[in-house]
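A.B. asks: Position chain X against the provided structure of chain Z, taking the given hints into account.
Chains as they are written, first to last, in the numbering used here: chain Z, 346 to 489; chain X, 333 to 429.
Quick caveat, the hints were computed from the structure, so don't treat them as lab data. Bear in mind that the values here come from a model prediction, so they are computed numbers and not experimental data. We treat Cβ as the ideally placed atom computed from N, Cα and C, and that holds for glycine. Mixed in with the good hints, there may be bad ones.
[To be verified] If we take Cβ atoms under 10 Å as the criterion, some of the chain Z residues that face chain X in the derived model are:
{"id": "1", "residue": "V372"}
{"id": "2", "residue": "V380"}
{"id": "3", "residue": "T391"}
{"id": "4", "residue": "I393"}
{"id": "5", "residue": "G401"}
{"id": "6", "residue": "Y406"}
{"id": "7", "residue": "R442"}
{"id": "8", "residue": "V449"}
{"id": "9", "residue": "P451"}
{"id": "10", "residue": "P458"}
{"id": "11", "residue": "A486"}
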Amino acid sequence: MSERDSEFFGTAVENWDQGLDLMERLVSVADPSAVFAEPVQVGDRTIITASEASIGLGFGYGFGGGGAPGTEVENEEHPEGSGYGGGGGGGGGGSARPVAAIIVEPQGVRVEPIVDVTKLGLAFLTALASMFVMAGKIRKATKG
Amino acid sequence: MFRANTGLQRQRALGTPRRVEGLTVTPESQALVFRWPRGAWVWNRPAAIRVERDDGTTERLPIVDVTRISQWVLGGLAALFAVVSLGLTVRNLKERS
Chain Z
346 MSERDSEFFG TAVENWDQGL DLMERLVSVA DPSAVFAEPV QVGDRTIITA SEASIGLGFG
406 YGFGGGGAPG TEVENEEHPE GSGYGGGGGG GGGGSARPVA AIIVEPQGVR VEPIVDVTKL
466 GLAFLTALAS MFVMAGKIRK ATKG
Chain X
333 MFRANTGLQR QRALGTPRRV EGLTVTPESQ ALVFRWPRGA WVWNRPAAIR VERDDGTTER
393 LPIVDVTRIS QWVLGGLAAL FAVVSLGLTV RNLKERS
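Just chain Z, with the same shape it has in the complex (with noise of 0.2 Å):
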């Protein structure tokens, strides 16, 4: 995935065109090879780690011309007092998480799931933090 990641992010992007080619790679993200890691050789087991990955991008581009008014306009090619200009921009981002290990050993194939613990305990204290907000809220109002 960070392979990937270098790969979208890293590159100038020079006209919509390559811009197009960009956004097809980003969608090859959606196959399967993008989320199983290869298989790896541990003592007799081989692990094969499955991760969610998630990616974004867009690009854009603008421009525009125009000339100051009441300016006489005395070489078309080259009109004095008017200007032309372009530009664009994009961006991205992405992110992986590991999902699970899947264990290939003699005895048979289990799955292992992975807990992320930081995940779940900032999702328990946000939880717990709108609940006190929420007890609070009625309890000012029960009272007035």
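C.D. replies: Using the frame of chain Z, we list chain X on its own:
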């Protein structure tokens, strides 16, 4: 300059089968692709692993994202708490008046 294939797409795909420890293991993933004219967003998650044994039996082992499920459960509990408390408060206020 606008792309025709925009919108939301759900894809389920099978990866390349691999021989591991005398078994044929095929990964299965599920992706959600959202395309708009000037960008795209892809969310891909492992769905299952298919194990084919030499005797011809095939087993599909689903991959459960425990972290995501727990997050949804916690969010659901918080929402349920909010709804129940609000309901009780409204009932108390009505009884008082």
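A.B. asks: Evaluate each hint against the coordinates.
C.D. replies: Checked hints:
Hint on Z:V372 holds. Least Cβ distance to chain X is approximately 6 Å, under the 10 Å limit. Among the interface hints, the one on Z:V380 holds; its C-beta lies about 5 Å from the nearest C-beta in chain X, closer than the 10 Å criterion. With a cut of 10 Å, the hint placing Z:T391 at the interface with chain X holds, because the nearest CB-to-CB distance is about 5 Å. A hinted interface residue such as Z:I393 counts as satisfied when its beta carbon comes closer than 10 Å to some beta carbon of chain X; here the least separation is about 7 Å, so the hint holds.
Hint status for Z:G401 relative to chain X: holds, with the closest Cβ pair at about 4 Å, below 10 Å. About 9 Å separates the beta-carbon of Z:Y406 from the nearest beta-carbon of chain X, less than 10 Å, and the hint is met. Hint status for Z:R442: holds, given a least beta-carbon distance of 7 Å to chain X, under 10 Å. Nearest Cβ of chain X to the Cβ of Z:V449: about 5 Å, under the 10 Å cut. The hint holds.
Proximity of Z:P451 to chain X holds as hinted, the smallest CB-CB distance being about 7 Å (cut-off 10 Å). A hinted interface residue such as Z:P458 counts as satisfied when its beta carbon comes closer than 10 Å to some beta carbon of chain X; here the least separation is about 4 Å, so the hint holds. Interface hint at Z:A486: satisfied, since its Cβ lies 6 Å from the closest Cβ of chain X, which is below the 10 Å cut-off.
Checked against the numbered hints above, the structure breaks none of them.
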